[in-house]
Every structure is written in structure tokens, then in C-alpha cells.
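All chains should be modelled from the sequences, with the hints used to inform the complete structure.
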Amino acid sequence: MLSRVQRSLELALSSGAEEAEAFASKNIVMTVRIASNRVLEVKQVQDEGIGVCAVIKKKIGFSSGNRLNEGVVKRAFSIAHARPPNPKFNGFPLPRRARKVTDIYDRHLEYISRSKIVELAEDMLEAALDFDNRIFEVSGAINLIVERCAI
Amino acid sequence: MADFAERAIIDSLKFGARYADVRLEKLTWETIVVKDGKVERAKSGEIHGLGLRVLLKTWGFASCTHLNKRSLRKIVATAASMAKGAKKTKTFKLSKIPINREKITTDIIKDPLTIPTEEKVELCLDSDRCAHVDKFIKRTTTHIACDKTQKLFLSSEGTEIKFLNTLTYCETFALAKRGVVVEYMDEIAGGSGGFEIVENFNLPEKAKNAGQRASKLAAAKGIPGKKTTVVLDQDLVALLCHEIIGHPSEADRVLGREAAWAGKAWWAGMTGKKIGAKLLNATDDPRVKGSLGYYEFDDEGTPARRKELIREGILKEHMHSRETAAELGVSPNGNMRAQSFQYLPLIRMSNTFIEPGDFSKDELFEIKDGVYLKGQKIPSIDSKRQNFQISAKEAFLIKRGKLTGPFRGASIAGVASEFFKSIDAVGNDFEMRPVPNCGKGDPMQTIGVGNGGPHLRAIARVLGAG
Chain A
7 MLSRVQRSLE LALSSGAEEA EAFASKNIVM TVRIASNRVL EVKQVQDEGI
57 GVCAVIKKKI GFSSGNRLNE GVVKRAFSIA HARPPNPKFN GFPLPRRARK
107 VTDIYDRHLE YISRSKIVEL AEDMLEAALD FDNRIFEVSG AINLIVERCA
157 I
Chain B
320 MADFAERAII DSLKFGARYA DVRLEKLTWE TIVVKDGKVE RAKSGEIHGL
370 GLRVLLKTWG FASCTHLNKR SLRKIVATAA SMAKGAKKTK TFKLSKIPIN
420 REKITTDIIK DPLTIPTEEK VELCLDSDRC AHVDKFIKRT TTHIACDKTQ
470 KLFLSSEGTE IKFLNTLTYC ETFALAKRGV VVEYMDEIAG GSGGFEIVEN
520 FNLPEKAKNA GQRASKLAAA KGIPGKKTTV VLDQDLVALL CHEIIGHPSE
570 ADRVLGREAA WAGKAWWAGM TGKKIGAKLL NATDDPRVKG SLGYYEFDDE
620 GTPARRKELI REGILKEHMH SRETAAELGV SPNGNMRAQS FQYLPLIRMS
670 NTFIEPGDFS KDELFEIKDG VYLKGQKIPS IDSKRQNFQI SAKEAFLIKR
720 GKLTGPFRGA SIAGVASEFF KSIDAVGNDF EMRPVPNCGK GDPMQTIGVG
770 NGGPHLRAIA RVLGAG
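So the sequence lines, in the order shown, correspond to chains A and B. Heads up: the first sequence is residues 7 to 157, going by our numbering. Heads up: the second sequence is residues 320 to 785, going by our numbering.
Simulated from the structure, these hints should not be mistaken for laboratory data. Quick reminder that beta carbons are idealized off the backbone N, C-alpha and C, glycines included. Treat the hints with care, since some could be wrong.
Unchecked claim - Derived pair list, reagent style EDC-like, types lysine to aspartate or glutamate, alpha-carbon separation capped at 20 Å:
| hint | chain 1 | residue 1 | chain 2 | residue 2 |
| --- | --- | --- | --- | --- |
| 1 | B | K583 | A | E143 |
| 2 | B | K481 | B | D430 |
| 3 | B | K597 | B | E476 |
| 4 | B | K406 | A | E125 |
| 5 | B | K393 | A | E143 |
| 6 | A | K80 | B | E438 |
| 7 | B | K376 | B | D330 |
| 8 | B | K470 | B | E344 |
| 9 | A | K64 | B | E437 |
| 10 | B | K393 | A | D53 |
| 11 | B | K409 | A | E125 |
| 12 | B | K481 | B | E344 |
Stated by the list, open to error - Footprint (simulated), chain A over chain B, 3 or more residues, beta carbon under 8 Å:
| hint | stretch |
| --- | --- |
| 13 | 361-367 |
| 14 | 374-380 |
| 15 | 431-438 |
| 16 | 622-632 |
Right under this line is the structure:
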């Protein structure tokens, strides 16, 4: 993903941007929905995209797409040309190494299988129904979001 | 790329799917937002990809944005494994629909994406300046958005629908502050169509109008609260219709499947029963050309049709998917929609509105005493959509046909069933309003719908402002 971001940046700079920033993200959202005491649907949404921000004479243009091509950069340029300059723009943050943040989530979740998530949802449903005999209808969901991004 | 869509269907059937459908889409868009005289946001984008829905024991769904053989194999395997993965589920049927092969393109005069971005930015900046009518205007926003969707729908039953739709939308907003009183006004236009929607709307004029009305309203007195006869304008009726007719008409809510998310419907099980006055007629119709909720086939390939939700006060029909239609033993009526190929379709309203009646606007004011409420603000509705409170932008007192005002800070509150029964006059001045951001689903999906109606008269509690 970093190499795609790097290529976008180079494309923007070689096309005439004075400064540029590129951002890529890849998300997978898995959802198991429970309604009326059953698993209603199991779904996975995959989203992948790249955004390019190009600066020309303090005019900032942004465009995005889900594949890197000249079109993304061209559209960012077209937006930049259409905007008035922003005199308060002092440039993007200087490059620096990102700090590594650890232990903020359970890494097992990143590699959990689809069948395991469905199993967890079914366990959740069963636990709710078994709680006591006053429980007669259960709805709920498990959502797992795995997101990667590069700037 | 169509061969990828066909391949996804064929491979899903090899995995044992009893039904599969695929949506291959390309979405191109541009948004300009000017706030307080500065370009707050100007961006464009393009995404394309494929969403595959597979039915084995239950629904499985997967989407991808990379259209190559490897991704295709992966999403077919993912969707199929998800569809057969659940033990605690039950199989269900899909209602039959005719097999269609159609190509639909919406009519546009000016492609909004070929209008230079500079022109849109300039129009937004100019309109934003117009909204600043006096020193009391503290915040302004002007917004133009347009998108173009090319969609191919294929199903394992043989339906093939191509849909090219262009949506254009614009909005202007002005907020005024006088002392501690803050009031705002907005004006919006949008629908299926080209840049002519923006041009015909006259954004600078509308922005000026919003500024003048917001400033005047901020100087107005608060309205006294009481239970009384109310006359609602088309804009407020549109929101009321959206919240207390459109949403509870979604069959997944009626069946309780949205209990943990969107909510339920108070009129579940009451089809065929009287729920309102004889003058109340409500409809959902996706085939209103030029509207934000326009389509000819839904995202299951079901032909869209006009639905009589409420006819002469009798609850007649809900909005269905093929699955809910089969469960309730009715015919599917084409209300399954997804925000994009990345999402599983849900039951959504299209253009939901209250039908016009015979009364002129002036006739509605021929009452001894009451309140005229104009413009929609914020709704607050219970999960069954029965108890509601909706704030209006401005209000006027009605005394024997004469209006005084404006007053600020008015809301109406009521119980839907009582409110519907109290309707005693429906105007003949129908208007539809675009709603670009109706949300539902998990993950949340935002879609455009149309809502509207004429002026109408009923009884409700008016909550006032001090």
C-alpha cells in the first residue's frame, strides 16, 4: 500500500504540484446480523481507495478513487485550479516516521475466520435466549472492522 | 467488465447457491461546499466495483473494488461461505418476479460533471455572499453535489438491468444570531437530472431569501404552546411523511427485523384497518421522473411500482423485498435499495408522499384559531414511529383566516394514530422535496429519497419557545 501512495505522490509532483499528499486505505467490514432469533445475514464489505491532495500556488485540490491512475491526479489538479488560494495554508506536515502504537486491540481479531465470527454470533444469540424465560426475542450484530491506511 | 458479473453468478451457483445476484457499478462524483465565504470542501472521486449477494441457507454478501480473476474467486468464495455458515438460521423463499432485460438512462440536459468546477465554485461563492443580507447573519453554507452512477444488475434467474442515473443537488443555508437567539433557514433542490436543476433553482436568489428569513426570524417572538388546530406547509409535511409514514411502511420494520437498529412499526398487523381520516392518502412511487428517489427496477431487479400505502385512511400496503413479500404472502413491490455495490440492499422508501386533496391553501386557514407551521427542522420519533415531535422553522398564529407572525421555536408533537385521524383538510398544492441523506442499515447506508405532500390541517400539540 505504501508503494501505491509513493507512486501517487510522485505522479502529483511530476505533474506540477508544488506539494502533494497521498493517502490510501483498505478496509474490510464483516457483519453478522441477528434478528427474530436467527442469523439473518452475513456480509463483508471491502473498500479500498486512494486520495491525492495537490497544491498549486496555495490552491488545494483533492480527489479520490479506488485505483491509482492519472485520472485521480488530474481531477485533484482540476479542483485545485478551480479554488481560490488559501493564504493560511503553510504546507503539509514534514515527513516523519510514524510512532508505533501497540496493544490497542486484540490482534487475533485481525485474522479471525468468517466461520468463527458466525459461531460467535450464534453463541451470543444462544446466551441471550438462555438467560431466562422472559427473553423471547433477540436481535443484535457483530461487526468486525479491519482497517489499514498509509499516508 | 460485464463478463466479471456473469462469472460471479456462474461461480456462485457452482458453490451451491440457490440464487445469486450481482451489481457492477461505476460511480463518479463531485462536491463543492462553501462555508462563510470560503471554499470549505471541493473534491471529486470515482469508484467502481462489484457486490455479490448469494443465497444458500441465508444471505451472504461480499464486495470488491478490484476487478480481476483473483478478486472474483475470492468474493464468490467469501459470499458463499457466509451464506452457508450459519447454523441458527432458517431457510426462506423469494417471491417470484418477472425476468427483465432493460436499459434505463435518466434524462439530463446538462451533464453536471462536464460543467467546469470553477463555475460551480464561483456560483457557490456568489450565493454565499448573497446570504449575508445583514450583520446578524453569522454562518452561511452553499453546497453543490452531483454524481453519476452506471449500474449493471444481473441475477441467476436471468434478469439484466442497466441503469445510468445522474443526480444533482444544491443547498443554501443561513444562520442568524440576535442576542442569544439563533435561527436558520435553508433552501434545497435536487433530483435525478443534470445541472439544469441548479440553474433553474437560482441559488443566489434563494441564498438571499434564506438570509432575509433567518434574520427576520431571529428577531421574532417565541410562539406560545398549546394543543390546537395546525396547518402544516409542504416542507414540514414532507418530513412528517418521511418519519411517520415512510419508515414504518418498511416491511423489515413491520416484521421486527430492524428492532435493534432502525426500530419497529406501530401498525404491524394492522393492514386493512383504519388508521387515519378518510382524507389521508399516502403513496410510495419510485417512478417519479426527476425525483431523488427515481428508479425503474430496484436492487433485486424487481420492477418498481406505485404503492398505495394508505388509501382513504386504511393501511393498505408496505414496502417489500422479495423475501418479506414471500413471508407476508404479497407480491414484491420493488423497494430494495443499496447505497452502492459495496452494500447489501435493504428495504428503503423511494418517493413517499401524501397525496393532494381538494382544498385551496386559503381554505385551510378558514378556522377560528390555530397555528401555521412552515419548514422542517429536526425530528424526534420513537422506535415504533408512533410518538413524534418535529420542529418547524417558523410559525404564524391563525385567527379567522388572518396570519400574524412569524414566530420562532415551534414544534409539533403528537401520536401518529391520533394525528392521522384528526386530519380534516388536505390542500391541492402538492410539492416534493429532495432528501439526500436518509440513513438505515448496519453498516449505515445513506441514500436519496423524495418526500412531499400538500398543505394539510390537523390537530396537534404545538410546543412553544420562551
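Consistency of the hints with the structure:
1. K583(B) x E143(A): holds (13 Å)
2. K481(B) x D430(B): The hint holds at about 19 Å.
3. K597(B) x E476(B): violated (42 Å)
4. K406(B) x E125(A): holds (8 Å)
5. K393(B) x E143(A): violated (35 Å)
6. K80(A) x E438(B): holds (18 Å)
7. K376(B) x D330(B): Judged against 20 Å, a Cα distance of about 17 Å means the pair holds.
8. K470(B) x E344(B): Since the Cα atoms of K470(B) and E344(B) sit roughly 4 Å apart, the hinted pair holds (cutoff 20 Å).
9. K64(A) x E437(B): holds (16 Å)
10. K393(B) x D53(A): holds (14 Å)
11. K409(B) x E125(A): holds (16 Å)
12. K481(B) x E344(B): Status holds; Cα separation ~10 Å.
13. 361-367: Our answer is that it holds, as 7 residues pass the Cβ test (under 8 Å) against chain A, meeting three.
14. 374-380: With 4 residues close enough to chain A, the hint holds.
15. 431-438: It holds: at least three residues are needed, and the stretch 431-438 of chain B offers 3 whose Cβ sits within less than 8 Å of chain A.
16. 622-632: violated (count 0)
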